[in-house]
Amino acid sequence: MNRSRKLLLLGIGIMLLILFINRVHREKFKILSTDLEDVDKLKSEIAKQLPDSAEISAPEEDELFQLMHFKDSAGVERVLIPYKKNSSNKPLNLMVLEKSGNYWVEEERIPLVGEDFDKIVVEDITGNGSDEIMVGIKIGKSSTKGLDVYEFKDGSLEKLLNDNYEDLFVADFDSDSIGELILLKSNSKEKNTEINYYEYRDGKLATIDSVVLEEMEFKVDLKLEQINPDKKGLIAELETDDKKGVLSVFKVEGDNLERLNLLGKKSIENPFFVASRDIDKDGVFEFPILKLSPGLEKEDSSTWITEWYGLNEDYSQLKLVKREYTDEANFALDFFEDWNEDIVIRRISDRDGKLEKVEFTRTTPGEVEEKLFGISIYSLDSWEDMTKESRESEEIITKSQGRVYVLESEDGEYDLESIKSRFRVLDLKED
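Oh and the sequence shown: position 184 is 184 in the UniProt record's numbering, straight run, nothing missing.
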């Protein structure tokens, strides 16, 4: 076989190989259209065609992750697939499938630097009618994550922003149907934390306001929650190294992050950390202020009175929503409506220092203490040691966690049902 013939055959072989590779590549992610409601089936079909040792990878904080389906302003349907290759120096990839006729066809694939997906958000933050893609990536053991924000432009993805964050949120604060981006960022050099507020302007995502939390140099937990019936806000809270709690609240007004006044201060500081929550289940978050009751000898991380406050309609002041007493014997009691600052709580122990009873009294105008009722706490063993007649004569509030809680009320003003309705057993580790 002469040399020219060999070269010709070699060239034909190379062309056939290229055509085969291109054919395989084109068909690699060409999947017959599946009803998007059958997510498991679609994920299964995609998984079959992923590279060897690769699998769909859910963001770490999203245990119930489903494939993200979205449309652009032209009505083009897309599905977003994050996946991870186990044997690669760039293990994370983001793939976009586009709906084309009866198929989902690979449109774009982006390799990412990092170890795991932390968070993926798909939402319109530019106002162009198409969703942008925000991808948060865990990098090493640091709490700081990397963020890439992409937009679709002329049929391909373009990077809008590369940044870092501790936490991120997207919310439509100004009710214009366009999301705003909020990043919580730490500054180890300055030993503080800041909240950055981004909007899309003049073709780019720009920081339009930033607030430094000077007093929050520890790990901050930032929540996006309803702070009144009509508006979401940001709640920044932390537990310091000495177990104290610090809490600040922000609203977004126009181009500004506005820190709200909380009882004349920019932050609520508590002797112990208690997380804010919707205490009365009305859909709006309340904020805790811990107080020491008259009769309690010392502040204790598991024995306190908590006053829960919500914001009034114009955010100008806090209003009291509820008071509750929490005891280290794993129970809490909601205050009655007519209880004020005149309530005295005493914890009575035996000679060995073991708690036997919590007494609730009221101080009258003449400085005389009026006993209201008591709650006795028995271990199951001590309860069983009592005679049957004694046990049957007691008013049992509840039995739980190896304890029996019993009401002692002399005049009957506070009956068993009224106490039961305000009493609950809890795990003091819960928020």
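Since the hints were derived computationally from the structure, they do not count as laboratory data.
Any given hint might turn out to be false.
Dumping the calculated DSS-like pairs for lysine-lysine here, alpha-carbon to alpha-carbon at most 25 Å [claimed, not checked]:
(1) K265 to K244
(2) K251 to K185
(3) K153 to K189
(4) K231 to K244
(5) K41 to K119
(6) K141 to K99
(7) K189 to K231
(8) K319 to K232
(9) K322 to K244
(10) K319 to K244
(11) K223 to K265
(12) K231 to K138
(13) K90 to K138
(14) K204 to K281
(15) K185 to K138
(16) K281 to K322
Does K244 lie within 25 Å of K322 when you go C-alpha to C-alpha? 22 Å, holds
Verify the proposed pairing of K189 with K231, using a straight-line Cα cut of 25 Å. Violated, because 34 Å separates the two Cα atoms, which is more than 25 Å.
With a cut-off of 25 Å on the C-alpha distance, tell me whether K90 and K138 pass. Given that 25 Å is the threshold and the Cα spacing comes to 13 Å, the pair holds.
Are K41 and K119 close enough, with their CA atoms no more than 25 Å apart? Holds, because 23 Å separates the two Cα atoms, which is no more than 25 Å.
Against the 25 Å threshold, does the CA-CA distance of K141 and K99 hold or violate the hint? 38 Å, violated
With the threshold set at 25 Å, check whether the alpha-carbon distance from K319 to K232 stays at or below it. Measuring from Cα to Cα gives roughly 18 Å; hence the hint holds.
With the threshold set at 25 Å, check whether the alpha-carbon distance from K251 to K185 stays at or below it. Roughly 18 Å separates the two Cα atoms, so the pair holds.
Need the status of pair K319, K244: alpha-carbon distance at most 25 Å? Measuring from Cα to Cα gives roughly 23 Å; hence the hint holds.
Is K153 within 25 Å of K189, Cα to Cα? Answer violated: K153 to K189 is near 38 Å, above 25 Å.
Restraint status (C-alpha distance of K185 to K138 at most 25 Å): 14 Å, holds
Distance restraint between K265 and K244, which requires alpha-carbon spacing of 25 Å or less: 16 Å, holds
Does K322 lie within 25 Å of K281 when you go C-alpha to C-alpha? Holds, at about 12 Å.
Against the hints set out earlier in the document, violations occur for numbers 3, 4, 6, 7, 12, 14.
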